[in-house]
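Number of protein chains: 4
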Amino acid sequence: MKLTHFLTSLSLECASQIAHATLAHARQAGMLPLAVAVLDVRGTLKAYLAEDGTSLYRQEIAQGKALGALGMGFGGQELERRAGLMPLFMNAVQALSGGNLVPVQGGVLVRDAQGELLGAVGVSGELSSKDEQAAVAGITSVGLVADCGAPKP
Amino acid sequence: MKLTHFLTSLSLECASQIAHATLAHARQAGMLPLAVAVLDVRGTLKAYLAEDGTSLYRQEIAQGKALGALGMGFGGQELERRAGLMPLFMNAVQALSGGNLVPVQGGVLVRDAQGELLGAVGVSGELSSKDEQAAVAGITSVGLVADCGAPKP
Amino acid sequence: MKLTHFLTSLSLECASQIAHATLAHARQAGMLPLAVAVLDVRGTLKAYLAEDGTSLYRQEIAQGKALGALGMGFGGQELERRAGLMPLFMNAVQALSGGNLVPVQGGVLVRDAQGELLGAVGVSGELSSKDEQAAVAGITSVGLVADCGAPKP
Amino acid sequence: MKLTHFLTSLSLECASQIAHATLAHARQAGMLPLAVAVLDVRGTLKAYLAEDGTSLYRQEIAQGKALGALGMGFGGQELERRAGLMPLFMNAVQALSGGNLVPVQGGVLVRDAQGELLGAVGVSGELSSKDEQAAVAGITSVGLVADCGAPKP
Chain A
1 MKLTHFLTSL SLECASQIAH ATLAHARQAG MLPLAVAVLD VRGTLKAYLA EDGTSLYRQE
61 IAQGKALGAL GMGFGGQELE RRAGLMPLFM NAVQALSGGN LVPVQGGVLV RDAQGELLGA
121 VGVSGELSSK DEQAAVAGIT SVGLVADCGA PKP
Chain B
1 MKLTHFLTSL SLECASQIAH ATLAHARQAG MLPLAVAVLD VRGTLKAYLA EDGTSLYRQE
61 IAQGKALGAL GMGFGGQELE RRAGLMPLFM NAVQALSGGN LVPVQGGVLV RDAQGELLGA
121 VGVSGELSSK DEQAAVAGIT SVGLVADCGA PKP
Chain C
1 MKLTHFLTSL SLECASQIAH ATLAHARQAG MLPLAVAVLD VRGTLKAYLA EDGTSLYRQE
61 IAQGKALGAL GMGFGGQELE RRAGLMPLFM NAVQALSGGN LVPVQGGVLV RDAQGELLGA
121 VGVSGELSSK DEQAAVAGIT SVGLVADCGA PKP
Chain D
1 MKLTHFLTSL SLECASQIAH ATLAHARQAG MLPLAVAVLD VRGTLKAYLA EDGTSLYRQE
61 IAQGKALGAL GMGFGGQELE RRAGLMPLFM NAVQALSGGN LVPVQGGVLV RDAQGELLGA
121 VGVSGELSSK DEQAAVAGIT SVGLVADCGA PKP
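Residue numbers (this note's numbering), protein chains in the order written: chain A, 1 to 153; chain B, 1 to 153; chain C, 1 to 153; chain D, 1 to 153.
Treat the hints with care, since some could be wrong.
[What the hints assert, rightly or not] Here are the computed distance ranges between Cβ atoms for each label pair:
id	chain 1	residue 1	chain 2	residue 2	range
1	B	ALA29	C	ARG27	40 to 46 Å
2	C	ALA29	B	GLN28	35 to 41 Å
3	B	GLY98	C	GLY115	34 to 40 Å
To be clear, the hints were calculated from the coordinates, so they are not data collected in a lab.
Idealized CB from N, CA, C, for every residue including glycine.
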């Protein structure tokens, strides 16, 4: 009998670097003040940063984007497509998860080069397409792969 | 005065067999990793199994599909039809039940040959049509009747 | 930079075997009807079984014992000691976690021979000392180590 | 008519430095893996870091210690004293705040040299006296004042 299986998860050092690089990108690109949440493969928070000037709900939204992506196994773009097709299913999962399913861009799965799931990043504060762009910049800064849920080619 | 009435409910042995058979079907059919929840007639969990590789919200969704079917008295197909006709009613019941109404395929009532309600099965992890197919395979493996809420002929 | 770290988690096959062995022990020992929840290292449910005759809250209690042990990093015996010393701290964490901290025997961490954390088992239905005894029987049936939070020798 | 008043709050740069310095102290002192949450004066999260190996509830507890200190206006030592005198009041506020009142050491208010409130730090993972010690090290690393709620001399 196979008793166990292995999971690979983001280290603190990696998560912290992703968070700082996400905000560095946002500053360089002249974005509005952002918040960024980095979750490990268990869905627990590893690193979080919020810039000065963010509004009050940024933690809930950033963490909810990341946790919803991990909860469903898809990046925000795919969640948004599915929400368009099945709005009442999304409503149900939002209620089941205390709101932790935010079906827009800016929730991004983190994978290694082999496609193994390592964690997720959520960003909030700008247009959701810019939130996603900042998250991708953070993830690629450490050489990992950002899975935004884009349509398969 | 009639003091009592009878309930008929799935036994543990039956529920466990349904859960194992649901996953056996999924493996044979090459489905994505699934979770399966089997509830007794009271709505309490009798058996649950989650394959390796499921995302974080699979318990909530599988159990929510089964409980929602029992809660409303219809399988997922009928819940989905009614959700299309009465979306605000479905929203209200989702809020009342903490999200435990998931109006898509994959929540299936379990009945005996006489149509008596015995419990419900919920499956999550694949396309909802495949979730339902796996639940039906589990229920029929013990000789019981799967009520998916299909349109009456 | 160390990007990732590894987690080891219970397989479905292992979790299912633990659940069945827990109940087999309970039947042999003449215990009251039990429920058993087996969680992986992420805190998500892998396997659950409830015997015929359990009362309505057994899932919540069994899963809450296991999740509370994983949440705090201690087996139920140590949680019970700490609850005696710091009852208001326990109250706070119960509220923070939706009640998923049950500081009595019957929440048991699962470790391998090297002490690595793999998941947790929660049992409910009997006196808590018997709940724990059944969980330990389940865990040792697969050759893994049960950490009940007993005082260090 | 006085239309406005001023708030002074921790900047992101300051909050991030406090979080990193808290964990640096913990590593040097050989503590168990910690999580640290830094809140601004509004009670919103500015910076959070969790070391590898923390158990699942560390965010909730660390953030709950910091938010509870801000919510009541006292550091954890004073919250603990008051909890001893008024346990039912503490229970009520825990229920009102979803558990975000954790009346033990490790929730520390951040003040400037004039005593002005700027935010709060919460630490979880070790004995609460060590949690507090790490939070104080983080706060003093930026030249600010740690208010642990110690008895007035």
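Hint by hint, here is what the structure shows:
Taking the beta carbon of each, ALA29 of chain B and ARG27 of chain C are about 34 Å apart, not inside 40 to 46 Å as hinted. Between ALA29 of chain C and GLN28 of chain B the Cβ separation comes to about 37 Å, which falls inside the hinted range of 35 to 41 Å. Checked against the hint of 34 to 40 Å, the pair GLY98 of chain B and GLY115 of chain C passes, with Cβ atoms roughly 37 Å apart.
Hint 1 from the list above is the single one not met by this structure.
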